[in-house]
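Participant: One letter stands for each residue in the lines below.
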Amino acid sequence: MKINVTINGQAHEADVEPRLLLVHLIRDVVGLTGTHVGCETSICGACTVHLNGRAVKSCTVLAVQANGAEVTTIEGLANNGQLHAVQEGFWECHGLQCGYCTPGMIMASCALLKDNPNPSEGEIRHGLEGNLCRCTGYQNIVESVKYAANKLQGA
Amino acid sequence: MSTNQTQIVGQSIQRKEGRDKVTGAMRYVDDLLFPEMWFGATVRSPIARGRIRSIEFTGNLPWHEFTIVTAKDISGQNCTALILDDQPCLADKFVNHAEEPVVLLAHPDKYLLEEARRAVKIDIEPLPALFTMDDALNQTEIIWGDDNVFKTFLVEKGNVDDVWASADFIVEGEYETGAQEQLYIEPNGMIAMANADDGVTVWGSLQCPYYVHKALLKLFGLPPDKVRVIQAATGGGFGGKEEYPSMIAGHAALLAWKAGKPVKLIYDRAEDMAATTKRHPSRTRHRTAVNKDGKLLAMDIEFVIDGGAYATLSSVVLSRGTIHAAGPYACDNVRVRSKAVATNHPPHGAFRGFGAPQSIFALERHLNKVAATVGLRPEELRRRNFLHEGQTTATGQVIREKLDLDGLLTRALELSDYHAKKERFAEHNATNATQKKGIGFATFLHGAGFTGSGERFLESVVGIEATATGNVCILVASTEIGQGTNTILSQIAAEALRLDYEMIELAQPDTANVPNSGPTVASRTCMIVGKLVESAALGLKQTLVQSGLLTDDYSLDEWRQACAIYIAEHGALKSFSKYEAPPNIFWNDETYQGDAYGAYAWAVYVAEVTVNLVTYETRVDDFVALQEVGKVINPVLAAGQIEGGVAQAIGYALYENVVWDNGTMRNNQMTNYIMPTSEDLPPIRVFFEENPYTYGPSGAKGIGELPMDGPAPAILNAIESAIGVRVNCIPLLPETLMKVMNA
Ligand code: FES
Ligand code: FES
Chain A
1 MKINVTINGQ
11 AHEADVEPRL
21 LLVHLIRDVV
31 GLTGTHVGCE
41 TSICGACTVH
51 LNGRAVKSCT
61 VLAVQANGAE
71 VTTIEGLANN
81 GQLHAVQEGF
91 WECHGLQCGY
101 CTPGMIMASC
111 ALLKDNPNPS
121 EGEIRHGLEG
131 NLCRCTGYQN
141 IVESVKYAAN
151 KLQGA
Chain B
156 MSTNQTQIVG
166 QSIQRKEGRD
176 KVTGAMRYVD
186 DLLFPEMWFG
196 ATVRSPIARG
206 RIRSIEFTGN
216 LPWHEFTIVT
226 AKDISGQNCT
236 ALILDDQPCL
246 ADKFVNHAEE
256 PVVLLAHPDK
266 YLLEEARRAV
276 KIDIEPLPAL
286 FTMDDALNQT
296 EIIWGDDNVF
306 KTFLVEKGNV
316 DDVWASADFI
326 VEGEYETGAQ
336 EQLYIEPNGM
346 IAMANADDGV
356 TVWGSLQCPY
366 YVHKALLKLF
376 GLPPDKVRVI
386 QAATGGGFGG
396 KEEYPSMIAG
406 HAALLAWKAG
416 KPVKLIYDRA
426 EDMAATTKRH
436 PSRTRHRTAV
446 NKDGKLLAMD
456 IEFVIDGGAY
466 ATLSSVVLSR
476 GTIHAAGPYA
486 CDNVRVRSKA
496 VATNHPPHGA
506 FRGFGAPQSI
516 FALERHLNKV
526 AATVGLRPEE
536 LRRRNFLHEG
546 QTTATGQVIR
556 EKLDLDGLLT
566 RALELSDYHA
576 KKERFAEHNA
586 TNATQKKGIG
596 FATFLHGAGF
606 TGSGERFLES
616 VVGIEATATG
626 NVCILVASTE
636 IGQGTNTILS
646 QIAAEALRLD
656 YEMIELAQPD
666 TANVPNSGPT
676 VASRTCMIVG
686 KLVESAALGL
696 KQTLVQSGLL
706 TDDYSLDEWR
716 QACAIYIAEH
726 GALKSFSKYE
736 APPNIFWNDE
746 TYQGDAYGAY
756 AWAVYVAEVT
766 VNLVTYETRV
776 DDFVALQEVG
786 KVINPVLAAG
796 QIEGGVAQAI
806 GYALYENVVW
816 DNGTMRNNQM
826 TNYIMPTSED
836 LPPIRVFFEE
846 NPYTYGPSGA
856 KGIGELPMDG
866 PAPAILNAIE
876 SAIGVRVNCI
886 PLLPETLMKV
896 MNA
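Chains as they are written, first to last, in my numbering: chain A, 1 to 155; chain B, 156 to 898.
Keep in mind that the hints were calculated from the coordinates and are not lab data.
This structure is a prediction, so every number in the text was calculated from the model and none was measured.
The reader is advised that the hints may include incorrect statements.
[Unchecked claim] The list that follows gives simulated cross-link-like pairs (lysine to aspartate or glutamate, EDC-like), each with its CA atoms no further than 20 Å apart:
1) B:265 / A:28
2) B:306 / B:290
3) B:524 / B:426
4) B:265 / A:123
5) A:146 / B:834
6) B:276 / B:247
7) B:369 / B:380
8) B:450 / B:380
9) B:312 / B:457
10) B:265 / A:129
11) B:450 / B:316
12) B:413 / B:264
13) A:146 / B:835
14) B:696 / B:713
15) B:248 / B:264
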């Protein structure tokens, strides 16, 4: 099937099999490998991207469902090398260790902050519950999101 | 420009590779592409034990397009070399556990490959299999060696049998722990290129490049310079990428060799969970003699772990579990008898803590029972038995460092508001029928570095090289797997040379380019490898000072100049440093007596829980982790290690259950193997006590595994304080608790 998807502002046309997952379109067809695969069963959240501005697990979306849509991946978050506040927060506050969950975690956090610019600790924990991290115990992830919230509100 | 005096060790400096990790630029193995690369798949045994009768390639598939590898294609020795070399790389004639690899396939189309994997039918005549430690010990079948026993240890101090008759109390107990999946979020994977001219090169997600190197040498019968192992960015390990990557590397390389193409072999989650290693299940029996004052007179401990079908690392896991079994207590008579037994489970392997979480769980639960029997509070019983400077551990190791466990316990109980909460919870529980609150703690130690003579045998080497610009590159095989290796080793080198942190970088771990600094395991990277980095760095400086290019007091500019001149004159500026055991460290492998570890980290962890008597769920409401780990090199990274370890250990205690069905893991998906989410966990409050260790870099000790040891017993102790019911097995799932309470 022929599809048109805009990824990080760039239009892509692809002829894909109906079974192709969005995550495989992003990684294998377009070659953006910052979006990771941890489970392929919609649990870990490592594959989280934005589809028309909403966070989705791209292993649970078919590429054809993204036809005509705008997708943002971790690579599309920084602006001319200037890190997004959430990216900065994760680096600054050590919200990552191995970094494998990080792109998904950051994309989910951006979406969380869009809906709730000033979340409490409990709201952050609830909002990120669909993204698993085995390294950090989530403590510094929560701090990173708080940092980003402050920064975005200050800006 | 003046000398750069800024203290770098002790600061929470930003992670070296942080930028690449937040921008998606980091390349993990599955992100790497090679021209004409094919994909690999593994066909595995569907049953636990049997004789292979035939292998059939069924279905309407273009089999001629596939590269197919079986045991017959192995040119060297068919083993995944580790300690005993008993584990085949591909099963030949017999299978000894479910999911054992039998056939390998490669094809350029990964979708077709998956169809093909399902179309290979391995016909196996079943043989009786063993699934419990008791069956293994009772030898209902012999499945390994003469007696199903991989390894036995005996640690003896004094004589426990002289004591029983005179004890005021004898307290017995039995404790069990289950398997646990490491569940790094990046599944295992390797890419290989291999041919007769160039030999074998692999890129992969791994902790120990030289383990993989050694295994490939044996598998292919090649000389060392024909095998090259390169670590790709690795998405977590926790021990799970210590030994099993050698197997996957072997598979990818066999396929690549036969296909004449680069082959990428990536496990999906289900395969990774079903086939790769997990934490060893264990059973510990305690028999303890104690007098009416609560003094431990004798500790008789039997510790058994289930090693699975092959020896792999079980002997060393058992060793660490055995040595930690008597904890941080001074007791004149201790006997620990331990065994690692064979079953037909997939081999259990390395996982953070490495045997210690199992035996410490048993001890710290048991001591609460001892305290209750004597009529003392748990903290009081421990205070009466803590190790002090000058006293000896179970292996007869004299504690030579300053050690104040009493003070550590007092501080942890204060930080957690233990006493006040205990009272409040008693009142709360008296009036609340369904929500019971409790608080409990565990006191423990963790030895850093390889056990016993391990570090002497390893003889780790670290290199460091300066460029003409004065920047410095650290050459180690120690891998960054999230724990912060790159950052702390850079801090240590920067501190030793008084350079800027930004001037230091780490070479990619590549066996063609870095010396063998040993495996990235056993909480040894900071303490052992870090110390070597420190001395190699000082060696670099010494070279410049001795050649008259530098004085002891120098500015950054002077340093850069000296490097430039030296390199112009001599070509390269490198320094290597090799491990030397600290003086006064002796270990006897025969008697299992002596200095088991160069240094121990000491800790008291306190858990607060609510048990819901309607759903039988337990929630951890607060967690205090206080530890003494020598000098803390990077406080936020160190705290991150503790937080992550505690989170895994909360999972170990309450959520993570491997469901076995005739030796096959049935819940091999994240959907039904439950690890803690951000919502399940309490804030984890981390505190350090600093007591610099003479032989660590800037006084640091190991830290990575410690936090895995204490949470499970602390939580179960808290649950007992909440509901007054003693449960001695983990994971403690709601359904288990319901059964216990309704029994
Ligand atoms: S890979 Fe998509 S949720 Fe795990
Ligand atoms: S940083 Fe490793 S999984 Fe989150």
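Participant: None of the hints should be skipped; say for each whether it holds.
Facilitator: Against the structure, the hints:
1. B:265 / A:28: Judged against 20 Å, a Cα distance of about 12 Å means the pair holds.
2. B:306 / B:290: Within the cut-off at roughly 16 Å; holds.
3. B:524 / B:426: Violated: residue 524 of chain B and residue 426 of chain B sit about 41 Å apart, past 20 Å.
4. B:265 / A:123: With a Cα-Cα distance of about 40 Å, the restraint between residue 265 of chain B and residue 123 of chain A is violated, given a limit of 20 Å.
5. A:146 / B:834: Between residue 146 of chain A and residue 834 of chain B the Cα gap is close to 16 Å, so the pair holds against 20 Å.
6. B:276 / B:247: holds (15 Å)
7. B:369 / B:380: Distance of about 11 Å is within 20 Å: holds.
8. B:450 / B:380: violated (58 Å)
9. B:312 / B:457: holds (15 Å)
10. B:265 / A:129: violated (32 Å)
11. B:450 / B:316: Since the Cα atoms of residue 450 of chain B and residue 316 of chain B sit roughly 17 Å apart, the hinted pair holds (cutoff 20 Å).
12. B:413 / B:264: Satisfied, since the Cα-Cα distance of roughly 17 Å is no more than 20 Å.
13. A:146 / B:835: It holds: about 19 Å lies between the C-alpha atoms, which stays within 20 Å.
14. B:696 / B:713: holds (12 Å)
15. B:248 / B:264: Outside the cut-off at roughly 30 Å; violated.
Figure legend: structure checked against the earlier numbered hints; hints not met, in rising order: 3, 4, 8, 10 and 15.
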